[in-house]
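Chains as they are written, first to last, in numbering that gives the first Met the number 0: chain A, 0 to 85; chain B, 0 to 85; chain C, 0 to 152; chain D, 0 to 152.
Each hint should be verified, as a subset may be incorrect.
Unchecked claim - Taking lysine-lysine pairs in the BS3-like style, the calculated list, with each CA pair at most 30 Å apart, reads:
hint	chain 1	residue 1	chain 2	residue 2
1	B	42	B	10
2	A	10	C	136
3	C	136	A	71
Claimed, not checked - So, partial list: chain C residues that the calculated Cβ filter (under 7 Å) puts toward chain A:
hint	residue
4	37
5	59
6	96
7	119
8	120
9	123
10	124
11	140
Derived by calculation from the structure, the hints in this document are not laboratory data.
As the structure is a computational prediction, the values presented were derived from the model and not from experiment.
Even for Gly, the Cβ is constructed at its ideal location relative to N, Cα and C.
Below are the chains, spelled out letter by letter.
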Amino acid sequence: MLKVLFFGQLKEIIKTDCLEVELVQGDKQLNTVAMLRKVLQEKGELWNEYLAFGKALVAVNQEMSSDDTALKDADEIAFFPPVTGG
Amino acid sequence: MLKVLFFGQLKEIIKTDCLEVELVQGDKQLNTVAMLRKVLQEKGELWNEYLAFGKALVAVNQEMSSDDTALKDADEIAFFPPVTGG
Amino acid sequence: MSHFTHINVQTQDFDFAHEYQKLRNSSNSDGALVTFVGLVRDLNLQQSVSGLFLEHYPAMTNKVLTQIVEQARSKWQLGSVSVIHRVGQLNVSDQIVFVGVTSQHRQSAYHANEFIMDFLKTQAPFWKKETTEQGDKWIEAKSSDTKKTEDWS
Amino acid sequence: MSHFTHINVQTQDFDFAHEYQKLRNSSNSDGALVTFVGLVRDLNLQQSVSGLFLEHYPAMTNKVLTQIVEQARSKWQLGSVSVIHRVGQLNVSDQIVFVGVTSQHRQSAYHANEFIMDFLKTQAPFWKKETTEQGDKWIEAKSSDTKKTEDWS
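If we strip away everything but chain A, and leave its shape as in the complex, we get (with noise of 0.2 Å):
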């Protein structure tokens, strides 16, 4: 199982701020952040177009990733728009 969050602008928009998603689905395993992405993107027409590739940042475990990032059982993967702190 993998927890995914949503943080910021992105969260209002799809309206869920975390889900748990299956790391295997069916016949294929999430084995990359793009993969999930791509899982995720198909869950409606807002998801698409905010989880897109560049639109939203993620990081796994709490470090800034990158779609070719790995995933493996357990691992807390979020996703959020570039970070307007400070």
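Model the placement of chains B, C and D on the given structure of chain A, informed by the hints.
Showing chains B, C and D alone in chain A's frame:
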């Protein structure tokens, strides 16, 4: 009459913090900082060494100046080592 | 009296004078102390801002701030470093962020402080929503901020 | 509430928190506030320093500091600026100098503050004498400081 001030280590070395110098010295007039500097350097060995160009900075009427800055009656000229505040 | 790294994310305000004294007291050999404070401005893109709401990713924030300070320490010889960032609801003129750095030399203190802020702005998981007369509005990241972090490498 | 330039040379200590609040209260539109404080260090060139005596050229000091702040204001868009420099006898860990700058943007505040310190170090008529166990010693100017002012042009 010119008012001449000395600061920092220079003041201690030549044991003088302030003196007045006639603008007209015999048949010549101290028209520039360079000419004043030369007259002062003649006051002794330490004066000669520590008032040398490049060793002592100079300000005329509280503005950083150089050897070719013009002098006139009642000017205040200050000689001092490179500054070390802050 | 010894050097420290202090990082905190908090909802409550911070006492600037207290943070300054802690940095100042942490060493007798550091001659330079540089602080940065970010304040809530009343104007942003011509809309009147009445306040800010700051959200963050708690599990990640401390980790990222710690890494940024470590990076700064590897680039410059620093004494003590404090980073405090507030989250939650803030009003106009409230303090948002504090960065304080001590060093033996002023250039290191200036540059490390600016480096920490530049990376905090582009790497630390905080998001600001403005409360304006026209309603709430998430702030967009500025490309000029990304540019600044690239200038450090 | 309005922007100001405050310059002072004084023998008494300054209250850092008070100076910070004055800067902070001077505007609601400045989101960035950078301060620098210079402190008396206990070590300089391996000799143990017990204190510092700071001499200056009173008629010239304010004039030069004012010009430096004007130069900074012509290079960056700044809000308020404070420069306080102490003279006379100081002890280890005493505050020597305060520079505080507010601006709408942090980069301007950082750079203007560093610019003011760099020029203060090479242009303002202050001279430091160290009290050490080996006796008093006038501090020599550093060529690295002159280099820094050249880097700004």
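A quick look at each hint next to the structure:
{"no.": "1", "hint": "B:42 with B:10", "result": "holds (14 Å)"}
{"no.": "2", "hint": "A:10 with C:136", "result": "holds (14 Å)"}
{"no.": "3", "hint": "C:136 with A:71", "result": "violated (36 Å)"}
{"no.": "4", "hint": "37", "result": "holds (6 Å)"}
{"no.": "5", "hint": "59", "result": "holds (4 Å)"}
{"no.": "6", "hint": "96", "result": "holds (5 Å)"}
{"no.": "7", "hint": "119", "result": "holds (5 Å)"}
{"no.": "8", "hint": "120", "result": "holds (4 Å)"}
{"no.": "9", "hint": "123", "result": "holds (5 Å)"}
{"no.": "10", "hint": "124", "result": "holds (6 Å)"}
{"no.": "11", "hint": "140", "result": "holds (3 Å)"}
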